[in-house]
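With these hints in hand, go ahead and build the complete structure from the sequences.
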Amino acid sequence: GGFIRRVAGPLQHPNGIGLSPDGRTLLVAETFAAGLCAFPILGPGELGQRRPFGSLPSGYHPDGFCVDEDGYVLVCGVLGGGVVVFDPDGRQVDVLACEDKAVTNVAFGGPDYTTLYITESGLGRVVSRAWPRRGLVLFPDRTA
Numbered sequence: 644g645g646f647i648r649r650v651a652g653p654l655q656h657p658n659g660i661g662l663s664p665d666g667r668t669l670l671v672a673e674t675f676a677a678g679l680c681a682f683p684i685l686g687p688g689e690l691g692q693r694r695p696f697g698s699l700p701s702g703y704h705p706d707g708f709c710v711d712e713d714g715y716v717l718v719c720g721v722l723g724g725g726v727v728v729f730d731p732d733g734r735q736v737d738v739l740a741c742e743d744k745a746v747t748n749v750a751f752g753g754p755d756y757t758t759l760y761i762t763e764s765g766l767g768r769v770v771s772r773a774w775p776r777r778g779l780v781l782f783p784d785r786t787a
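The sequence shown: position 111 = 754 (my numbering), numbered continuously.
Don't take every hint at face value.
Unchecked claim - FRET-style restraints, in silico, Cβ to Cβ: (1) H656 x G767: 17 to 27 Å; (2) R693 x P664: 17 to 27 Å; (3) A773 x G714: 14 to 24 Å.
Bear in mind the hints are in silico, worked out from the structure with no lab data behind them.
These figures come from a predicted structure and were not determined experimentally.
Where is the CB? At the ideal position from N, CA and C, for every residue including glycine.
Here it is, written out as structure tokens:
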């Protein structure tokens with residue numbers, strides 16, 4: 644058993660959620676705000692003051708996202724047709740164009756975590772592409 648308690652809010656349609664590589668920052672995608680926010684993690688279940696992290700280009704709304712081992716954040720821009728890339732400080736550095744406008748989620752995989760898998764909901768498919776850095780390994784102690 645246990646209980647659920649609110650640790651942040653109100654948020655504008657929170658969607659994707661992830662951690663920085665050092666585990667000290669919680670990132671949240673806010674679809675209706677067209678951006679991400681960040682919270683310092685003060686302790687188990689305890690967050691500090693919210694701060695803006697990055698804004699998506701006009702027409703893009705954040706959905707799922709993932710983080711690479713260097714802290715770059717790859718955010719699916721649903722309705723925008725691409726994955727928006729932010730550096731560890733929240734500055735937009737690239738947009739990975741996709742054929743579909745409904746880009747909804749992204750994850751790292753492959754033996755070295757440098758394959759990026761992207762869902763394109765409108766076309767009903769998953770696509771992949773290479774990424775120059777390893778994705779953040781979520782379960783480092785887990786063996787295959």
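(request) Starting from the hint list further up, note which numbers the structure goes against and sort them upward. (result) No numbers; nothing is violated.
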